[in-house]
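Student: Sequence:
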Amino acid sequence: GWDQNAVERAARNHAAKEAQADKAKAEAREADRASRHERYLAETKKPKFGPSAASPVGRYTIDSEEIGSNWPDLARDMTLAIRATPTAGIYQADFDFGVIEGIMMLSYDERILDRLVARAARQECDSTSDVSEDDDDDSGIVGDDDDDDDDDSQNESSDENLAAGSKRKATASKGKATSGRYPKKAKVASAGQPEKSFVRLRLRDSGTGQIHYMVEKGTIKFNGPNLGSFTGEVDISGIGKGVIFEGQKISAVPPKTRDSWENYSEAAYDRARVGRWQ
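Using UniProt numbering, read the sequence shown as starting at 1 and increasing by one per residue.
In case anyone wonders, no lab produced these hints; they're calculated from the structure.
Keep in mind the model is a prediction, meaning the values are calculated, not measured.
Be careful, since some hints might not be right.
The calculated label-pair distances, taken between Cβ atoms and stated as ranges, are [what the hints assert, rightly or not]:
1. R111 x D22: 45 to 51 Å
2. E8 x K256: 50 to 56 Å
3. D235 x H14: 40 to 46 Å
4. D77 x A267: 28 to 34 Å
5. D126 x A15: 57 to 63 Å
Restricting the straight-line Cα-Cα distance to at most 20 Å, the calculated cross-link-like pairs of lysine to any residue (SDA-like) are [as the list claims (entries may be wrong)]:
6. K221 x E246
7. K196 x N223
8. K196 x Q210
9. K256 x D73
10. K45 x R59
11. K256 x D94
12. K241 x E216
13. K196 x S229
14. K221 x D63
15. K23 x V7
16. K25 x P86
17. K196 x G224
Backbone N, C-alpha and C define an ideal beta-carbon position, used for all residues, glycine too.
Between the sequences and the hints, there should be enough to build the whole structure, so can you do that?
Tutor: Now the structure itself:
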């Protein structure tokens, strides 16, 4: 017959070996991520690297203690990719945090960001009502600003790059305008201080596919002269308020995407909800 003690010892040994293998894989994964970040930083020191070294645009690996402790299996390969948009001073970030994925819109100027999000909400309402196509602005969230209220044109807004910071003087942008309407007004950070961008995000539950179309808020603070890392803090539906996450840049070139802010609208939520029940 079976020796009960031998069976229990074998089970313990097997569990210990599995735990050891999992630990080795995790350490190798972290070493690889650190190596990719170091290679990127080394590239930024080369003269040929160019101005992208001081740009937030690129791909980042993500770590979050809160997400990782609750969903360790899903949080192993979290990423965030930032790209420029046609609207000056506005960036779009696609993120995959394992348990959730979605879109962030970032800007150095919170007023521009909130106006852009508000305009997108109006467009989404119009798209579900019986309005003529001539009245609709199909340029998306980062398109033209001609449909804003007239009094909006009186507001000065900063649309400098997130990388502007202390490297640019406030006088450098006097007399210039963006989209023909917004005079540039550079915001200069204190020397040695990280660059802070404001964040608005929408997301989707990776497991259920449920879209959370209500806009969440947060900030991202970039570190160093080359913006090679950052610390973010955002509210995330289903996870909590003030969720902290950290990013390390591994490439100045973000992957291509067809995702958009509109893909996380209330209409998209309704379509996905109906699809799940069919």
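Student: The structure should be examined with respect to each hint, and the outcome stated for every one.
Tutor: Checked hints:
| no. | hint | verdict |
| --- | --- | --- |
| 1 | R111 x D22: 45 to 51 Å | holds, 47 Å |
| 2 | E8 x K256: 50 to 56 Å | holds, 53 Å |
| 3 | D235 x H14: 40 to 46 Å | holds, 42 Å |
| 4 | D77 x A267: 28 to 34 Å | holds, 30 Å |
| 5 | D126 x A15: 57 to 63 Å | holds, 58 Å |
| 6 | K221 x E246 | holds, 10 Å |
| 7 | K196 x N223 | holds, 9 Å |
| 8 | K196 x Q210 | violated, 30 Å |
| 9 | K256 x D73 | violated, 26 Å |
| 10 | K45 x R59 | holds, 18 Å |
| 11 | K256 x D94 | holds, 10 Å |
| 12 | K241 x E216 | holds, 10 Å |
| 13 | K196 x S229 | holds, 12 Å |
| 14 | K221 x D63 | holds, 15 Å |
| 15 | K23 x V7 | violated, 24 Å |
| 16 | K25 x P86 | violated, 41 Å |
| 17 | K196 x G224 | holds, 12 Å |
Comparing the model with each earlier hint shows violations of hints 8, 9, 15 and 16; every other hint is respected.
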